[in-house]
Amino acid sequence: MLYREAGQFKTNYATDQAIFPILQDRIGIIIILFIAFVVIPLTGNDFFINAIMTPFLIFSLAAIGLNLLTGYTGLLSLGTGAFMGVGAYACYKLTTVFPNVNIIIWVIASGFVSAAVGVVFGLPSLRIKGFYLAIATLAAQFFLEWCFIRIPWLYNYNVSAAIEVPQRELFGIIVTGPRATAGTRYVIVLTFVVIMTWMASNIVRGRIGRMWMAVRDMDIAAELMGIRLLPTKLLAFAVSSFYCGVAGALLVFLWYGGAESTVFSINESFTVLFMIIIGGLGSLLGSFLGSALIYILPIILRFVPPQLGLPLHAATVEHLTFMITGALIVFFLIVEPAGLARLWQIVKQKLRVWPFPY
Amino acid sequence: MDILYKIFLDPFVQMGTAPDLFVQTLWEGVVGGMLYALIALGFVLIFKASGVFNFAQGIMVVFAALTLVGLYNAGVPAFLALGLTIAVMFALAFAVERIVLRPLINQPDIILFMATFGLTYFLIGFGEFVFGGDPKVMITEQLYLPKGTITYKALGGVVSLQKLDIAAAVIASIMVAGLAVFFSKTRIGRALRAVADSHSAALSVGISLEQIWVIVWFAAGLVALVTGIMWGARSDVSFALDVIALKALPVLILGGLTSIPGAIVGGLIIGVGEKLWEFYWGPLIGGGTDSWFAFVLALVFLLFRPQGLFGERIIERV
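Sequence order for the protein chains is G and L. According to the working numbering, the first sequence is numbered sequentially starting from 1. According to the working numbering, the second sequence is numbered sequentially starting from 1001.
Warning: the hint list may mix true and false statements.
Here's a subset of chain G near chain L, in silico, CB distances under 10 Å, partners left out [as the list claims (entries may be wrong)]: (1) Ile135; (2) Arg150; (3) Ile266; (4) Ala327.
Pulled a few chain L residues facing chain G out of the computed Cβ check, cut under 8 Å [to be verified]: (5) Tyr1121; (6) Phe1122; (7) Leu1249; (8) Ile1253; (9) Glu1278; (10) Val1296; (11) Leu1299.
In silico negatives: residues of chain L with every beta carbon more than 10 Å from chain G [claimed, not checked]: (12) Ala1074; (13) Thr1120; (14) Phe1183; (15) Arg1234.
To be clear, the hints were calculated from the coordinates, so they are not data collected in a lab. Just so it is clear, CB atoms sit at the ideal spot from N, CA and C, and this is done for glycine as well.
Model the full assembly from the supplied sequences, consistent with the hints where possible.
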């Protein structure tokens, strides 16, 4: 009754091609953005913003990046963690060498550095497919991780071999470093995520996105239709790595405040891969849903036993978290292999025809 | 000129002048490669029969070893513990087929791959929950595995071999031979190969896919147990070392996903290559190179042979 597009006629191309063609969707997204931009920074406490919302958004961004590559172009990658690392280290290096340049510019620039590295490691994708490619991207993961440890130039010859985020200001407000408030960091991350999600949704709806999807569905057929595989696949790697690189830079600069190479280990790659598969391959919404589930679920699990008054050991809780996460992954795959995004579509369809069954 | 000399000449001069060191490194590589090969073997078994890329194989190795040691520490005699562990691996295979594979039948490969990730997490949590997360010592003496080293003078120096490694090599060869006979001579083995060729064709001649999957996961579990014992004897048993399982992936690439001999040859190539590279060339670029050498080698390899050394030729049709 409430959610129905009947009567909403499109009279020109612009409205027909809008990202949210249905009025209710537009209202919904405005409410969500209002809550995200105004309500949460004003009312949320530091723990909620800093430990849940900021990392959730950053992981969503990385998940979008991987989804562009794996979900839309069909190239399985296990190098996400390393590409995030490239972004983080590039941003650190740039901002310490040129401290006076606006930090936002360096975050974006580090995305481009990551994109360049992504293209180099994407080159084998022309010959290698499927699981073979996934293992080939592991080469990127381990090689780059090794670089983060063994090339001291990257962390300015620190004794600790870690990068420490310097303090940077934006319009007179401290945005990075230990003195920046959680709310400020959150708003900046949110702005990045909103703009880049909007960009991604336009990319995948346009010519480039359609080329990617054609390659995903069958690359030989796509080639016969006149899509040049090499530029298309490399572009997917570049854009994906750009997103991951920016996510990595945000991760270190606006959340951790400092990092060493272990942050960008293979586990990071797997986590992001979980997110997109649970959330839904080839769906931007799925990237958010998956990231919410995979990132926030363990946090909730950690808080449930104390709330129920169960005196569990911290290590036991950790083990149980692992078990439950694993079981839930399998559970969600069995319930809906196409991901949470598909569940949302089903719900939408039900809403549309409600109160009738079909 | 100096750098060229260091890269292209110096390592070989070192090999020539100290052949005992070279042989020692080679042997270390063979032993390490055997472990990779055994893990890869488990992968190949499952991939051939069910098309599932079983990421959990490495964790199954740890889980099997942990179960064995955990049971022994709980007071069960060593060989009874071994038997019980085999039973646990069978139960695991059965449960995996029932709970994970059967509902996911006919899903895309990546979904099944993902499900084995879930399995991995579950096994890590379950193993640590039941047996504790602290590293444990493998019960080598109780299982009558030999200990100590054989040292003999050769090539103008001393070469020492761990007796345990020799035993591992022998046991691994016996197991591989046994699997080969099992695959080619028995009824079940033939059914397995039929399933590997084509699921639907196998179904149509009356082979039960469910049974085959339980058997093949059980076989992979047994391989995992043997690998776990061998590997646990060389270092402690703990989940921290599952990185070694990831090393099995380039081995698979090198050998081809569907080839058992490929897994073994690939494992040995990676193991030996990694050790030699790290020993002779690693210091030039800062050391610690064995974390990525295997992957980069596999990557370079793939550029020339996308299907691996012994893999089936990939034919693409539109």
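Hints versus structure:
1. This hint holds: Ile135 (chain G) has a C-beta 5 Å from the nearest C-beta of chain L, less than the 10 Å allowed.
2. Nearest Cβ of chain L to the Cβ of Arg150 (chain G): about 4 Å, under the 10 Å cut. The hint holds.
3. Evaluation of the Ile266 (chain G) hint against chain L yields a held restraint, the C-beta minimum of about 7 Å falling below 10 Å.
4. The closest approach between the C-beta of Ala327 (chain G) and any C-beta of chain L is roughly 6 Å, which is under the 10 Å cut-off, so the hint is satisfied.
5. For Tyr1121 (chain L), the shortest C-beta to C-beta distance to chain G is roughly 3 Å, which falls under 8 Å, so the interface hint holds.
6. For Phe1122 (chain L), the interface hint holds, the least distance from its beta-carbon to any beta-carbon of chain G being 3 Å, beneath 8 Å.
7. The interface hint given for Leu1249 (chain L) holds, since its Cβ lies 5 Å from the closest Cβ of chain G, which is under the 8 Å cut-off.
8. A distance limit of 8 Å between C-beta atoms decides the matter here; for Ile1253 (chain L) the minimum to chain G is near 5 Å, and the interface restraint holds.
9. Hint status for Glu1278 (chain L) relative to chain G: violated, with the closest Cβ pair at about 12 Å, above 8 Å.
10. The beta carbon of Val1296 (chain L) comes within 5 Å of a beta carbon in chain G, closer than 8 Å, and the hint placing it at the interface holds.
11. The interface hint given for Leu1299 (chain L) is met, as the beta carbon of that residue sits about 4 Å from the closest beta carbon of chain G, less than 8 Å.
12. With a minimum CB-CB distance of about 18 Å to chain G, Ala1074 (chain L) clears the 10 Å threshold, and the non-interface call stands.
13. Thr1120 (chain L), annotated as away from the interface, has a beta carbon of chain G within 10 Å; the closest lies near 7 Å.
14. The beta carbon of Phe1183 (chain L) sits about 22 Å from the closest Cβ of chain G, which is more than 10 Å, so the claim that it is off the interface holds.
15. Remark: the non-interface label on Arg1234 (chain L) is consistent with the geometry, its nearest Cβ contact in chain G lying 22 Å away (cut-off 10 Å).
When held up to the earlier numbered hints, the structure conflicts with 9, 13 and fits the remainder.
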